[in-house]
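Chemist: Below are the chains, spelled out letter by letter.
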Amino acid sequence: MSAATLRTPFPANWWARTLWTALALYVLYACGILDVSWDRFVRGLDNGAKFLDRMFPPDFSRQKLDLLQVGMIESMQIAVLSTAAGVVLSLPLGLLAARNLMPGWVSWGARGVIALCRSFHPVITAILFVKAVGFGALAGVLALIVASMGFISKLFAEAIEEMNLKQVEAVRATGAGFFNVLIMGVFPQVIARFIGFSVYQLDSNLRNSTMVGIVGGGGIGATLFTAYQRFDYDFVLTILLAIIAVIMVAEIVSAQLRKAFQ
Amino acid sequence: MSELARLRTWQRFTLAQRVGRGLTYVLAAVAVVWSLRTIEVIPEFLYDAPEQTADLFRRMWPIDWSFWHEMVAEALVETFHTATLGTIIALVLSVPVALLAARNVTPSPTLNLVAKFILVSSRSVNSLIWALLFVAVFGPGALAGTLAIAFRSIGFVGKLLAEAIEEAQRGPLEALTAAGAPRASILLKGYWPQVEPSFWSVALFRWDINIRESAVLGLVGAGGIGVALDTGLNNLYWDQVGLCLLVIFLVVIATEIATSAIRSRII
Amino acid sequence: MSAALVIRGLRKEYRAGVPVLRDVSLEVGGTGMTAIIGPSGTGKSTLIRCINRLVDPTAGEILFGGTDLARLKGRALREARRRIGMVFQEYNLVERLSVIENLLCGRLGYVPVWRAWLRRFPPQDVARAFDLLDAVGLGDFATRRADALSGGQRQRVGIARAIMQDPELVLADEPTSSLDPKTSVEIMELLAQLARERGIPVIVNIHNVELAKRFAERIVGMSQGAIVFDGPPAELRESHLLAIYGGQGWIDA
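Residue numbers (the numbering used here), protein chains in the order written: chain U, 854 to 1115; chain G, 140 to 406; chain Y, 38 to 290.
For reference, chain U alone in the conformation it holds in the complex (with noise of 0.2 Å):
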């Protein structure tokens, strides 16, 4: 058998080859300019050593739960008041920005509106809002309902494209009037979704609502960050700890509503 008779089974895929190379030597140029070393890594381990050192055992004093209840309350509020508002503005938002159900001028506005709403950070929202109507957690409820309207619009206005239109065609076929066709045809399409991006966005306004405090926004995460200004560690843990755990529940539960619903 001569070795030209050889068949590889696997030819050599130079493409794959190649882009791992350029990964790995992007690993290294930007560990470069981020001025990642393993020499600071091991200094900062020691420090992490310490760190930790000072937040074991988290502080479960009287005093302090409190304060971790106080914060974590204003958090829920601002999670469930930004998911009410969050929804409401969105179900016409989503409605206008449908191609399928909408002239092209109003639905591109309404994109243009829910583009705006996702293209920046909470956080960021959050600054503005806090620059606007003063801190506390108002101003935590106004960034986290803009950043609800951008989620849950957008994925509503994608459910309602995604729809059966000849569903549609025979109910507006029988005489009914646009709401009615809303009603009737449209809705009990793509209701059961909304409400399921309705009950993500309310687990995710409750994890973002622990953030939006470090800004001014109010809720556990002004808590947390005059806790870590103060360099109270152990209460930073207890605080973090506590986050864990009622997101943990709040998943759960979550997760049940969904499923009743769907």
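Treat the hints as calculated values from the structure; they're not laboratory data. There may be inaccurate statements among the hints.
[As the list claims (entries may be wrong)] Partial list, computed: chain G residues near chain Y (C-beta under 7 Å):
| no. | residue |
| --- | --- |
| 1 | 147 |
| 2 | 149 |
| 3 | 151 |
Virtual Cβ for every residue (Gly too), placed ideally from N, Cα, C.
Knowing the structure of chain U, use the given hints to seat chains G and Y on it.
Modeler: What follows is chains G and Y alone, placed relative to chain U:
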């Protein structure tokens, strides 16, 4: 009357369903009302909100372009690298956790639970809070930011990856097992080809999010364009803030266009 | 016999200069079934959809009870639509709604928005929906979801929905094309019975020439956007079919 009584009636939901739905609505309403009543709103602040907002935009304009060379350009590059490197680290770290969390790869409920706990912890703590912690450990700078991005992303990538692994078809895996392949080979030749498409799409999706997130990490000192934003905010130089916001906006739009282009090319 | 529907010079161009309907004129009497036959893409569907304005005609008039449907807008159009029932090829039921809700969709032109929202349909409508459901043999399926039904059952619901409207005219767009031969016959029987008992005209688009000849009192043959045959089934000869469909091989000698 007897005419009406003869008519068959129809209701959309059974009694139990109606009670359940009613309770849900009432509960939601109570939650909203309770939140509205207790949340702190200072009316004086609210009255001059429009004025404050107008003032905000008036001060932002004209944008201070000189700030671009001073700080923004360099910080922008740093933000990009923070997001990208953070995503790569997260991808590497999330693979073992995802394997542990997937019930079909790791048949031990205890290990599954441990992995799930790691994933949920990573996701519950916001990237901004992760950044706070890493700034305390490594000092201010992009290293803290990169690790914050990485640690926040592990939960996201790991969860989706674990779901993709659990959805892998059993047939090819059984065939490999029947051929006597060792576990590592089954992972590499049985699972990986099935999971690979979702792995890359999750990676792309998270990178898009991470660009947005790394833009604000600087607010707590973790490097990138957020530092420039924070400087402007602290000095009340709103024209510099305006530049930062504009740049962030453009970067986010560019990233979204880039990711959707890559996605439509690959998937 | 007075004409219920008069179509004059109807023209439809989806793209300018490429007419799908070339100045079609047609009169349909006050009763009986009219079948429109013709090859795919010849404008049968467009013709039917122009009548209730799911498609907007480019030119021409459609006189129905004295009004020109082609010029109606908004409220007047909706009021005209509710007098015209329609049966679709793929049934077009709202699949996530129950069967009874789908029937009640036929009343949407009459009930105000709040009633539809709260599902508080007038009791007479609900009772009639049940009766109709019994009449099409689906009495036990009222609260099933529409997507749990078979094709033939769905089309019965589709027909019942059209009757719920109390129509003065029923349009059926390929009502049997997605069904097996036996069910197709049953559906056509149902439509014919409806036309007979309620004395309303039914216009059916149909591929199947045999079914058309068996059930319709009048056949209209269309080819390339124009009417090339119009007469009772008995007069339909092979030469007509050749003119309508073209080709030769498909007709068995």
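Chemist: Given residue 149 of chain G as an interface hint, is the shortest Cβ-Cβ distance to chain Y below 7 Å?
Modeler: holds, 5 Å
Chemist: Taking 7 Å as the limit, does the beta-carbon of residue 151 of chain G come near enough to a beta-carbon in chain Y?
Modeler: holds, 5 Å
Chemist: Going by Cβ atoms only, is residue 147 of chain G closer than 7 Å to chain Y?
Modeler: holds, 5 Å
When held up to the earlier numbered hints, the structure conflicts with none and fits them all.
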